[in-house]
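Colleague: Residues per chain, in single letters:
Protein chains: 2
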Amino acid sequence: MTEGRVYNFSAGPSVLPEPVLQRARAEMMNYRGTGMSVMEMSHRSPAFSEIFTETKEKFRSMLRIPDSHEILFLQGGATLQFAAVPMNLMEGKTADYAVTGNFSGKAAKEAEKYGTVRLACNTEACGHSRIPAQEELCLNPDAKYFYYCSNNTIYGTEWQYVPQTAAPLVCDMSSDILSRPVDVARYGLIFAGAQKNMAPAGLTVVIADRSLTGRELPYTPQIMSYKTMIEHDSLLNTPPCWCIYMLSLVLDWLQEQGGVEGMEQGKRERAKLVYDFLDGSRLFRAHAEPGSRSDMNVTFRTGDDGLDAEFIAFAARRGLVNLKGHKIAGGMRASLYNAMPLEGAGELVRTMKEFERKHV
Amino acid sequence: MTEGRVYNFSAGPSVLPEPVLQRARAEMMNYRGTGMSVMEMSHRSPAFSEIFTETKEKFRSMLRIPDSHEILFLQGGATLQFAAVPMNLMEGKTADYAVTGNFSGKAAKEAEKYGTVRLACNTEACGHSRIPAQEELCLNPDAKYFYYCSNNTIYGTEWQYVPQTAAPLVCDMSSDILSRPVDVARYGLIFAGAQKNMAPAGLTVVIADRSLTGRELPYTPQIMSYKTMIEHDSLLNTPPCWCIYMLSLVLDWLQEQGGVEGMEQGKRERAKLVYDFLDGSRLFRAHAEPGSRSDMNVTFRTGDDGLDAEFIAFAARRGLVNLKGHKIAGGMRASLYNAMPLEGAGELVRTMKEFERKHV
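For the record, the sequence lines run as chains A and B. Numbering-wise (my numbering), the first sequence opens with residue 27 and increments by one. Numbering-wise (my numbering), the second sequence opens with residue 27 and increments by one.
Hints in this document: simulated from the structure, not taken from any laboratory. Keep in mind that a hint or two might mislead.
One copy or two, either will do: identical chains are not told apart, so a pair holds if it fits within one copy or between any two.
Okay, derived cross-link-like pairs now, DSS-like style, lysine-lysine, Cα gap no bigger than 30 Å in a straight line [to be verified]:
1) Lys298 / Lys379
2) Lys139 / Lys84
3) Lys132 / Lys379
4) Lys135 / Lys119
5) Lys119 / Lys253
6) Lys379 / Lys84
7) Lys353 / Lys253
8) Lys253 / Lys139
9) Lys353 / Lys379
10) Lys253 / Lys135
11) Lys253 / Lys132
12) Lys298 / Lys139
13) Lys135 / Lys353
14) Lys132 / Lys353
15) Lys139 / Lys119
16) Lys298 / Lys135
17) Lys298 / Lys253
18) Lys119 / Lys353
19) Lys139 / Lys353
Extracted from the complex, chain A is given alone in its bound form:
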């Protein structure tokens, strides 16, 4: 790691690969002989059109997205998708929502504005510490879609299977997209905010089965209509150009690291290091139950809020920052996204060990 840089465990926006930042810096004043920064380019210029098209192609190839599915580069984050999904797919009727954390809960609440929401599950009573099994899901045959969030950043749980449902699957993959292969054909719609595994905040990627689009409610704003945005190849209005460029650089880096298969191996190694330590620790304990644990966000605590705060400060003095858990969950959270090197996870374990020795 370059001198002065830290290990940044932020849940999002989060660490970006250092070679990506270096490349962006090198191209900042004059992108490949154009005489300008990517930030200054018309979104209709040949230079930016090339970036846009190549990024889409790299993304499609990386996740092996079938031709039945369109890729959209949008704005507004997952939060705008919480409304866009029901506006486009619910037809004013009903949909099933699996509530396994904060963001799926928010999505369900927003969807109530546009139709009838039925909960396929709600893990609130157990502090969202586990993901329900397939047979625990309560499925409505009339549902226009089944909605879930594949990874819960706040509670540190992750779906280890793809739900089997009659209704099309809609999945918020904001915090684990590009961390593993995905069988995209099984999904009606996937969306993800970029600021965890893909690019800086400000870009939302949507992968939509074309055959599900075109049924939006009449008051759907133009840029929230999947059909309209597909017709305009995301360029009805000015897209978040810089974030798309950064995604392009991240995809190049990811390809060099072995693509999503490489990312999957890397995330397993990082998470195993940390969970193995936690399961044997006399001071720290993991929040999520085995079988539901996220490789992306490891949540843990000592059981003593004061000691948690002490540990967070202790780690920060050693250059391991943003380990504080989300305010609604408390404790600690180590986000181990694609761009976190294995050494970062190793440093975290060494730091926990050292702290443990002093306090047990």
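Add chain B to chain A, keeping to what the hints say.
Modeller: Here is chain B on its own, set in the frame of chain A:
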């Protein structure tokens, strides 16, 4: 200008001040000792919170925004505001729209989804070459607001006065915000996409009179509700952090150049250079009528499409790029935003003169 850089006359995204890009580059890997890029910062971190708060304060101070008005940093561009404005302010009733160009026309069309749109004027018949006078505006006493776009990038016209209306004024200032002082108290709502005079694409600034908010339609998505976003100080979800940081650097630069008063003087000088030449030219002629002309976007043509294309290529070979007019207007367009140096306008005139000598 740094070697290799061009004069970029793009209408948006457009040229940024060179010192701003240099500063962003210098801070790219490690922002002021935090050990990370601004692109990697949690939007809730102390470092980013400081950037966020300071940017808001600098913006308020720069435009002398009264306490009655809130500043929001949003996503989705002006196009999402075309829906957000009627969703929040029309109450399903009616509003007046002054259609003086492409984007006000689009805004009026989008608003029809949410209530009854009445046109206060429509300059389409004259090719949007002029802005109507106050007495030409057809005002409806029942209008919930009066909507206009202060500068038309495509046709190169700009309102030289603030309309007097009983209904609150709503203004799309995407292409002339920060180019002159504005009496914000006269407006109910101002919005602007950042990618012309403020920052890279992906940020939308809204300035809203608090007393007009809270009347949104029930199906308004959370992040499109001005009231909700005011309550969360724009941080209901992750904002476009990098663009906000870039805006902060642009505001610093702008302050050094004399603020909006300095910008107003600069834009007048640049535009005068170009219009004076056009009015005396035997080859080129300006599209917009005197009294309606934009200082931000100068539209002109030779009257011969082939010759226009030749000029655009001629200028590009001299490092003056993106002079092609918008496809629906044709001809040429020179965008002279805040970050365009006076020398850029001078070079443009010299290039037009040289071309004229060869062709007249």
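Colleague: Against which earlier hints does the structure fall short, listed by number upward?
Modeller: When the structure is compared with the hints, numbers 2, 3, 6, 12, 16, 17, 18 turn out to be violated.
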